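Asker: Take these sequences, add in the hints, and give me the full structure.
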Amino acid sequence: MKIRSQIVLLFFTAIIVSSCSPAITEKEVTGCWKAADGAFILLNKNGTFSASRISYFYFSDDDAFKSRKIDLSGKWVMGTIGNPATQTVELKSNQTYKDFGIAKTYTNRNGVERPYKINCTLEIMGSGPFTTSTSYNLVRVIDDPDDMNFYTFKKQ
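When you line the sequence shown up against mature numbering (1 follows the signal peptide of the UniProt record, and there is no 0), it's residues -23 to -1, 1 to 133, in that order.
Hints were generated in silico from the structure; no laboratory data involved.
Note that this is a predicted model, so its numbers are computed, not measured.
Using N, Cα and C, we set each Cβ at its ideal position, and we do this for glycine too.
Take these hints with a grain of salt, some might be off.
What follows is a list of derived Cβ distance ranges for each label pair [claimed, not checked]:
hint	residue 1	residue 2	range
1	Ile(-21)	Glu5	39 to 47 Å
2	Lys131	Asn85	18 to 26 Å
3	Gln133	Ser50	39 to 47 Å
4	Gln133	Thr98	28 to 36 Å
5	Tyr83	Gly59	25 to 33 Å
6	Thr98	Asp124	13 to 21 Å
7	Met55	Ile(-21)	21 to 29 Å
8	Lys4	Gly88	38 to 46 Å
9	Gly8	Arg86	51 to 59 Å
10	Ala13	Asp121	18 to 26 Å
11	Tyr83	Thr7	50 to 58 Å
Answerer: What follows is the structure, encoded as structure tokens:
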């Protein structure tokens, strides 16, 4: 009976371990990612990025920006969110909303009005526990994640 229990335990352990995907590395994330609408993000090895023709509507909650496309540049870093942890790519741009004619500002501790910078977190889909996909996508979740509505970038 003890041997049978050990075999069953070993079997379930093998299933769980084989269904977990390894964490994606910075080397795997580096490169060009393209969306179906022609937008692309280039993640460089030195931690900088450039993005072109990004649909701004997916990063704002205002219908006024449905047709606006923006170009961004700045630095990128990998991170995690949620439980279980999902890997992310955080784009930290140098551009402000004012650069694109959008008045979004805040007042700092010294009473000085400052423009917000345009930043974005993209989830790495295909990473995390119990995923079996060997290909990864960078996605921006739009509204409720249960709706499965994503702005998806595929590695080129």
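Asker: Should the hint that Thr98 and Asp124 are 13 to 21 Å apart at their CB atoms be regarded as holding?
Answerer: holds, 18 Å
Asker: Within 25 to 33 Å or not, the Cβ separation of Tyr83 and Gly59?
Answerer: For Gly59 against Tyr83, whose Cβ atoms are near 27 Å apart, the range 25 to 33 Å holds.
Asker: With 18 to 26 Å as the target window, see if Ala13 and Asp121 comply at their CB atoms.
Answerer: holds, 21 Å
Asker: For the hint 28 to 36 Å, verify it against the beta carbon of Gln133 and that of Thr98.
Answerer: violated, 21 Å
Asker: Quick check on a hinted range of 38 to 46 Å for Lys4 and Gly88, using CB atoms only.
Answerer: holds, 45 Å
Asker: Using the beta carbons of Tyr83 and Thr7, state whether their distance is inside 50 to 58 Å or not.
Answerer: violated, 33 Å
Asker: Is the distance from the Cβ of Met55 to the Cβ of Ile(-21) consistent with 21 to 29 Å?
Answerer: violated, 44 Å
Asker: So the hint says 39 to 47 Å: do the beta-carbon atoms of Ile(-21) and Glu5 match that?
Answerer: Once the Cβ atoms are compared, 41 Å apart, the range 39 to 47 Å for Glu5 and Ile(-21) holds.
Asker: Is 39 to 47 Å respected by the C-beta to C-beta distance linking Gln133 and Ser50?
Answerer: Since Gln133 and Ser50 have Cβ atoms about 18 Å apart, the given range 39 to 47 Å is violated.
Asker: Can you tell me whether the CB distance of Gly8 to Arg86 sits inside 51 to 59 Å?
Answerer: violated, 40 Å
Asker: Can you let me know if the beta-carbon spacing of Lys131 and Asn85 is within 18 to 26 Å?
Answerer: Violated: the Cβ-Cβ distance is about 39 Å, outside 18 to 26 Å.
Of the numbered hints stated above, those contradicted by the structure are hints 2, 3, 4, 7, 9 and 11, listed in ascending order.
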